[in-house]
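S.K.: Please build the complex by placing chain X on the supplied structure of chain B, with the hints as guidance.
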Amino acid sequence: MDWLYLHMPIAGMDIFWPGLVLIGFAVGVIGGFFGMGGAWMVTPGLNILGFPMAFAIGTDIAHIAGKSMVSTMRHSKFGNVDYKLGIVMLVGTMVGIECGAQIVMFLERIGRVGSVVRWVYVVFLALIAFMVFYDYFKAVQKKRAGIVEGEKGTEGITWYKTLHKIRIPPMMHFKAAGFTCSAWLPIMVSFATGVLAGFLGIGGGLLRMPALVYLVGCPTHIAVGTDLFEVMVSGLYGAFTYSLKGRIELVAVFVMLTGAAIGAQIGTVATKYSKGYGIRVAFGCAVVACMVSIILKQYKYNAAAAVIILGAIGIICAYIMAVMFKGAAQELREKKAREQAQASF
Amino acid sequence: MKRWMRRVLGAAGLLPVAAPSLVWAAGGKASQLVVVADTRVIQNAALKYFADLYNTNIWLFAVWAVVLTAVYGCFLGLLMDFIMARTGLDLKSRKIVEH
Chain B
7 MDWLYLHMPI AGMDIFWPGL VLIGFAVGVI GGFFGMGGAW MVTPGLNILG FPMAFAIGTD
67 IAHIAGKSMV STMRHSKFGN VDYKLGIVML VGTMVGIECG AQIVMFLERI GRVGSVVRWV
127 YVVFLALIAF MVFYDYFKAV QKKRAGIVEG EKGTEGITWY KTLHKIRIPP MMHFKAAGFT
187 CSAWLPIMVS FATGVLAGFL GIGGGLLRMP ALVYLVGCPT HIAVGTDLFE VMVSGLYGAF
247 TYSLKGRIEL VAVFVMLTGA AIGAQIGTVA TKYSKGYGIR VAFGCAVVAC MVSIILKQYK
307 YNAAAAVIIL GAIGIICAYI MAVMFKGAAQ ELREKKAREQ AQASF
Chain X
263 MKRWMRRVLG AAGLLPVAAP SLVWAAGGKA SQLVVVADTR VIQNAALKYF ADLYNTNIWL
323 FAVWAVVLTA VYGCFLGLLM DFIMARTGLD LKSRKIVEH
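Chains as they are written, first to last, in this note's numbering: chain B, 7 to 351; chain X, 263 to 361.
Some hints here could point you the wrong way.
To be verified - No more than 25 Å apart at the CA atoms, straight line, and that leaves these computed lysine-lysine pairs for PhoX-like:
hint, chain 1, residue 1, chain 2, residue 2
1, X, Lys310, B, Lys281
2, B, Lys341, X, Lys310
3, B, Lys332, B, Lys281
4, B, Lys90, X, Lys357
5, X, Lys310, B, Lys251
6, X, Lys357, B, Lys342
Hints in this document: simulated from the structure, not taken from any laboratory.
Pulled out of the complex, with its shape left as it was, chain B reads as follows (with noise of 0.2 Å):
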């Protein structure tokens, strides 16, 4: 059986494969579903397959860069990408990152990072799995009432118009997403975003997505794709810093991005056969999977969090996978009525 293990040239040992290549997919399907990195994911899973934690998670930074390019690139041709939107974003995530990293360092200072960054963490998870569940549930209360705004369907939250109210110049245009605010609404909310996921040490996704949605206005499969271009640069910018740091594996990178590829692939398109309230809801229930693995870990229940984490990676990349081969087979057989309609005339 030793061709099922692969020697990592820098870390000097051998990793069982099949393993990265399944996480990278499931990774991947979730990923491309959610529009975030999903490092939150891959790191328990790295650690059961005894990779170097000191490798862990650059390893982990570099194959999301990978994973997110993929993803943007299928979530393009849908015209899922506002690149004018996730320019102006960038701007403001970078340097809130920055300024969340100094945060942490001055904490690191005075002692008390651990527990305030897990702490903080925590509320933040709750906050938006409350918003999300909250938003559903005034969604399914105004679609019962018949009340219906819009060309996208019934919404529950909607913040962003009030937030798209404040005028302040330059006011932008973003064609893909729909609307026209002032550019200093996406850069605050990135900013914003930035601080925490630098603050917490996260890619950001999992904060950016929901902001993009319930505080910037975009449609939810416009803020997954738009989302995953910001995961893909930052996440280039994370491989290099950390490759400076020599904590990457490239050869589990690459085999790790392997399955990611093919997985993108069916998270992307599954968010084709999904209405907007069906990512936005699994998304809580991940989210919400991630706040009680931390909770659990807090209280030192560690083997507990993992199995939390792996079991709603399970779950969740199930039901993605099940939208997208359900969706595809009834678009397949509709394709071809249609195709056998035509040729009988």
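M.R.: Chain X alone, transformed into the frame defined by chain B:
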């Protein structure tokens, strides 16, 4: 199989010890470590080149890491595009419906 089982059990046993700092979103304390790649055991010429580069010129290694990740990501994206185009699915349009 025996080796595989040993590794799985080893990894499972290591989990409670290794998981905490790894799984934290805020990262670990790995930045203090200095890792040197052991090039003596590497046979493949390309891998040996990158391992040597890692030991001797980390800047060039970092540039290669980013370039190769981007190039491989692009290649996989194009390859998947080619394969997906043959499934018969419409991959250029979608209807945005929120609810």
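S.K.: None of the hints should be skipped; say for each whether it holds.
M.R.: Against the structure, the hints come out as follows:
1. Lys310/X to Lys281/B: 49 Å, violated
2. Lys341/B to Lys310/X: Given that 25 Å is the threshold and the Cα spacing comes to 51 Å, the pair is violated.
3. Lys332/B to Lys281/B: Holds: Lys332/B and Lys281/B sit about 14 Å apart, inside 25 Å.
4. Lys90/B to Lys357/X: Satisfied, since the Cα-Cα distance of roughly 21 Å is no more than 25 Å.
5. Lys310/X to Lys251/B: 19 Å, holds
6. Lys357/X to Lys342/B: Holds, at roughly 20 Å.
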